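The residues making up each chain are set out below.
2 protein chains.
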Amino acid sequence: MAGDHGSEDLVLGAIQAARDFNHEVVLVGDSQKLKNILTNLVRTISEQAGQKSDFRESIATKITVVHASEVVGMDEAPLEALRKKKDSSISVAFQLAKNGEVDAVVSAGNSGATMAAAVKSLGRLTGVSRPGIAGIFPTLKKPLTMVDVGANVDCRPKHLFQFAVMGAALSQLLIHEENPRVGLLSIGEERGKGNILVKKTHEILTGSSLNYIGNVEGREAFQGNVDVMVCDGFVGNVCLKLSEGLAEAMVSMLRDEIAKNFKAKVGYMLSKKAFANFKKRTDYAEYGGAPLLGLDGTAIICHGRSNALAIKNAINIAAEMVDKELNKLISTFLTDNSEAVSALE
Amino acid sequence: MAGDHGSEDLVLGAIQAARDFNHEVVLVGDSQKLKNILTNLVRTISEQAGQKSDFRESIATKITVVHASEVVGMDEAPLEALRKKKDSSISVAFQLAKNGEVDAVVSAGNSGATMAAAVKSLGRLTGVSRPGIAGIFPTLKKPLTMVDVGANVDCRPKHLFQFAVMGAALSQLLIHEENPRVGLLSIGEERGKGNILVKKTHEILTGSSLNYIGNVEGREAFQGNVDVMVCDGFVGNVCLKLSEGLAEAMVSMLRDEIAKNFKAKVGYMLSKKAFANFKKRTDYAEYGGAPLLGLDGTAIICHGRSNALAIKNAINIAAEMVDKELNKLISTFLTDNSEAVSALE
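Top line first, the protein sequences correspond to chains A and B.
For the first sequence, the residue numbers in numbering that gives the first Met the number 0 are 0 to 344.
For the second sequence, the residue numbers in numbering that gives the first Met the number 0 are 0 to 344.
Hints may be right or wrong, so weigh each one.
No copy is singled out in the list; a pair is fine if it fits within one copy or between any two copies.
Straight-line Cα separation of at most 35 angstroms, DSBU-like style, residue types lysine-lysine; simulated pairs [what the hints assert, rightly or not]:
id, residue 1, residue 2
1, Lys259, Lys97
2, Lys32, Lys271
3, Lys119, Lys192
4, Lys85, Lys198
5, Lys32, Lys199
6, Lys140, Lys278
7, Lys84, Lys198
8, Lys140, Lys279
9, Lys192, Lys32
10, Lys323, Lys199
11, Lys84, Lys278
12, Lys192, Lys83
13, Lys279, Lys84
14, Lys84, Lys323
15, Lys198, Lys259
16, Lys199, Lys271
17, Lys278, Lys262
18, Lys264, Lys141
19, Lys85, Lys34
20, Lys279, Lys141
21, Lys32, Lys84
22, Lys32, Lys264
23, Lys323, Lys262
24, Lys262, Lys157
25, Lys192, Lys84
Everything labelled a hint here was simulated from the structure, so no lab data went into it.
Treat the numbers as computed from the prediction; the structure is a model and nothing was measured.
The whole structure should be built from the sequences, with the hints applied where relevant.
Put into structure tokens, the structure is as follows:
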């Protein structure tokens, strides 16, 4: 129900996920409203594409609606909102997951409330102290997985180690990297560089079974030479938002400069396809959303500004996380490294 | 003597600062080598511009050379290098500053060694616990000053408060902002958002005489709606390097896309001026270097990759910091706020 764009884009993303990837989707929220949007969108798409009634029928079997009478606002305090609004779409969605009626939850709503409801309903995987949020960033090569991008602002070394394990498992399964390279975000590549947290985490990672390549600087993030970047949730969230802001500002500065003279405008028209491809390569929507890692279940937090493409891709990634048994791999990695961690606790 | 490009670019920057801004510059390093570079560059510039001998004479009076027999390597451990190499260019330069023979030091060498030599030779301003490094970032409006971008990786709230004071003073004098807006880098704008360090710093800043606008997210950094951004040196350095890396990666992705087809290449040729202006707006060299704040003196750390333009601008900014009496303003701001800080210690 939530998200900045209203429900229309979310429902459209769900329809596209059902149509393009054959996923079954349950929409949770004001059922009358959602059914209306669903009917209208399916009709429009059928008409536009000249599709026959079998499209409508197939969508009807793949998308169902479950009612929730309340919505957690984007700016509400998460815990208080969940306590007050027992019948919020976020709570109901995770209740469905808890009961095994759905395999995964995708939310573009209040991210703090999504995280809290996920942990409360699904619980943590054995061996995980704190679930983390994975951000997936475009780079010059394959996408980079960064953990944690916002769930845990004050961390201890073992938390960062668990983020590394969970990020490595996600990267291996989703980005198709055998033995992904894990780096620790720091301010210099040498062993002694970093704050106290990073220095201690470096020791644990060095003794682990992960493919740990050492400290990595922010400079390297977008070169594509590291697959998993580990940091605390404060640093990760700052990086996430700074990157978004810088990318937007750069596009806007370039647009400014191009608008200033006629020749440049003509040039822009000719390069339009290149700009579109560029936009696609840097668009957050290509990666859908941010997987929550370390839950005894599957959930993805989407940007409040998510468009239909982002929702469609997030649903598909959630399905992949379930199908490829991400949590099983995380547990294996944790067991493999239990000694490395306990030795330093 | 140091820097990634060798001494040629540094000397050229010094010549340009003398020629364009009328500054007197002392070059510190291998005197024979520096004099040769200087003579060659002055000759080339005179010939190219068809300038008469008065250019040579004026440069000769404005640029002098002081010998230092050693160089601290870019990758050397700062403290050890300074201890071993008493006659390094960095040490000699700060000795000149200590003796009052120069007003400011500009270094493109090992930044840790520059910082350490600066603190040791010049000492700290009264009331400053830890000097910080200011990064100056391009935005859609006026440049943003970020403190600390790397000197202090583990900080307490009072350190962040002092960074705020020093950054505000710098922004007010250099970026010409009356009463610059100070923001605290965090992961949400609401009062309760952030890690423990940020939450406590927020309290001090709220009670201060600074124009404190509250928590600011990384997203906002490049919009130009905040003049000074405060953070610990770990977060700041990560942001600095991440921004550089992202900007480079974006330019490289766009270039890739444009190279893919002929029409786009023609388009690029037509938009060339727009791209050049864009590059100028985002070029770190426009801002020269990173001022060290909180010293009882003046120093600027330049990027190891500094070109002549960066050095010229850094020399000019150093001169402005001296002329406009930055340290006096920092001291005034600190005195104005001594109660706000001591109340929370």
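Inset, instruction - Could you place lysine 264 and lysine 141 in one of the four classes (within, between, both, neither) given a Cα distance threshold of 35 angstroms? - result: The answer is both: 32 angstroms in one copy and 25 angstroms across copies each meet 35 angstroms.
Inset, instruction - If the cutoff is 35 angstroms on CA atoms, where do lysine 32 and lysine 199 land: within, between, both or neither? Let me know, please. - result: Cα proximity of lysine 32 and lysine 199: none, with 52 angstroms in one copy and 44 angstroms across.
Inset, instruction - Please work out whether the CA atoms of lysine 192 and lysine 32 approach to 35 angstroms or closer within one copy, between two copies, in both situations, or in neither? - result: between (54 angstroms within a copy, 34 angstroms between copies)
Inset, instruction - Can you give me the call for lysine 199 and lysine 271, within, between, both or neither, at a CA distance of at most 35 angstroms? - result: This pair counts as neither: shortest intra-copy Cα distance 48 angstroms, inter-copy 48 angstroms.
Inset, instruction - Tell me, please, which holds for lysine 279 and lysine 141 at an alpha-carbon limit of 35 angstroms: within, between, both or neither? - result: both (14 angstroms within a copy, 29 angstroms between copies)
Legend entry - Intra/inter-copy verdict for lysine 192 and lysine 83 if alpha-carbon distance must be at most 35 angstroms: between (46 angstroms within a copy, 21 angstroms between copies)
Inset, instruction - Tell me, please, which holds for lysine 198 and lysine 259 at an alpha-carbon limit of 35 angstroms: within, between, both or neither? - result: For lysine 198 and lysine 259, the Cα distance exceeds 35 angstroms both inside one copy (49 angstroms) and across copies (43 angstroms).
Inset, instruction - First find the shortest C-alpha distance between lysine 84 and lysine 198 inside one copy, then the shortest across copies, and answer within, between, both or neither for a cut-off of 35 angstroms. - result: between (42 angstroms within a copy, 28 angstroms between copies)
Inset, instruction - State whether the alpha carbon distance between lysine 32 and lysine 84 is at most 35 angstroms within one copy, between copies, both, or neither. - result: The answer is within: 19 angstroms in one copy meets 35 angstroms, while 75 angstroms across copies does not.
Inset, instruction - Could you figure out if lysine 85 and lysine 34 sit no more than 35 angstroms apart (CA to CA) within one copy, between two copies, both or neither? - result: Result: close within a single copy only, 22 angstroms intra versus 78 angstroms inter.
Inset, instruction - Could you place lysine 192 and lysine 84 in one of the four classes (within, between, both, neither) given a Cα distance threshold of 35 angstroms? - result: Classified as between; 22 angstroms across copies, 46 angstroms inside a copy.
Inset, instruction - Using 35 angstroms as the alpha carbon limit, work out where lysine 84 and lysine 323 are close: within a copy, between copies, both or neither. - result: Answer is within; shortest intra-copy Cα gap is 34 angstroms, inter-copy 57 angstroms.
Hints 1, 2, 5, 11, 13, 15, 16, 22, 23, 24, counting from the list given before, are not met by this structure.
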